[in-house]
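Starting from the structure of chain A, add chain B where the hints point.
Taken in order, these protein sequences are the chains called A and B.
Position 38 (the first sequence) corresponds to 38 in this note's numbering; numbering is contiguous.
Position 15 (the second sequence) corresponds to 15 in this note's numbering; numbering is contiguous.
For the record, the hints were derived by calculation from the structure and aren't laboratory data.
None of the values given here were measured: they were computed from a predicted structure.
Accuracy of the hints is not assured; some may be wrong.
[As the list claims (entries may be wrong)] Far from chain A, some chain B residues (derived; all Cβ distances over 10 Å):
no.	residue
1	V13
2	D17
3	T69
4	T108
[To be verified] 27 Å max Cα-Cα, derived DSS-like pairs, lysine-lysine:
no.	chain 1	residue 1	chain 2	residue 2
5	B	K42	A	K11
6	B	K37	A	K11
7	B	K58	B	K42
Cβ atoms here follow ideal geometry from the backbone N, Cα and C, with glycine treated the same way.
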Amino acid sequence: DARVTQTPRHKVTEMGQEVTMRCQPILGHNTVFWYRQTMMQGLELLAYFRNRAPLDDSGMPKDRFSAEMPDATLATLKIQPSEPRDSAVYFCASGWDTGELFFGEGSRLTVL
Amino acid sequence: GENVEQHPSTLSVQEGDSAVIKCTYSDSASNYFPWYKQELGKRPQLIIDIRSNVGEKKDQRIAVTLNKTAKHFSLHITETQPEDSAVYFCAASIYGNQFYFGTGTSLTVIP
Chain A
1 DARVTQTPRH KVTEMGQEVT MRCQPILGHN TVFWYRQTMM QGLELLAYFR
51 NRAPLDDSGM PKDRFSAEMP DATLATLKIQ PSEPRDSAVY FCASGWDTGE
101 LFFGEGSRLT VL
Chain B
1 GENVEQHPST LSVQEGDSAV IKCTYSDSAS NYFPWYKQEL GKRPQLIIDI
51 RSNVGEKKDQ RIAVTLNKTA KHFSLHITET QPEDSAVYFC AASIYGNQFY
101 FGTGTSLTVI P
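The following block holds chain A by itself, in its conformation from the complex (with noise of 0.2 Å):
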């Protein structure tokens, strides 16, 4: 059974320090996402990736988050500094032309 792995699955840091949060996509998978969601926001879009480019990254917000793909296998979402507004889950999903999209766990990060 194929699934969308994220690591860590929880974080608790101080703020001003960096997090990085890492997911593998399905196997053959061609597209990947990174979404923020917390209690009022529903789930936001952050980062876009196809084909390992990175197509969309109009939601997150520039002079701290960083998202990058350096391998199919692995995607990337930085956060330095790390502030208290930031606490949230953040979930990686994957998928392929046929539309389907695939969650991860989720990473739940606690900034202090």
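Same frame as chain A, but now just chain B:
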């Protein structure tokens, strides 16, 4: 870009009754409309989807309808059960490029 609106934000129904969640979209190029169910503390999971060449699709107690002219689509759950309680998200996409999600509907089924 695409704008997806979802209503209602919360919905409570008695067990056995039906539940309907509605979404509208703005981009007529959108052609794929999935619905995701998210249980508390879990990841969103696809429960049903519909493509623009189809007006209705059913899967047991769940059905989705699409009106391309009016740019709206709806999720229908019949004979609701307590395990249907969750947050439901609609989304619109163009051939799997970009997924624009609605703001979610928290459904509570009262036993």
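Hints, verified against the model:
1. V13: It holds; V13(B) is separated from chain A by about 21 Å at its closest Cβ, greater than 10 Å.
2. D17: Holds: least Cβ distance 25 Å, greater than 10 Å.
3. T69: Non-interface label stands for T69(B): nearest chain A Cβ at 22 Å, farther than 10 Å.
4. T108: holds (16 Å)
5. K42(B) with K11(A): holds (16 Å)
6. K37(B) with K11(A): Given that 27 Å is the threshold and the Cα spacing comes to 25 Å, the pair holds.
7. K58(B) with K42(B): Roughly 25 Å separates the two Cα atoms, so the pair holds.
The structure is consistent with each of the numbered hints, conforming to all of them.
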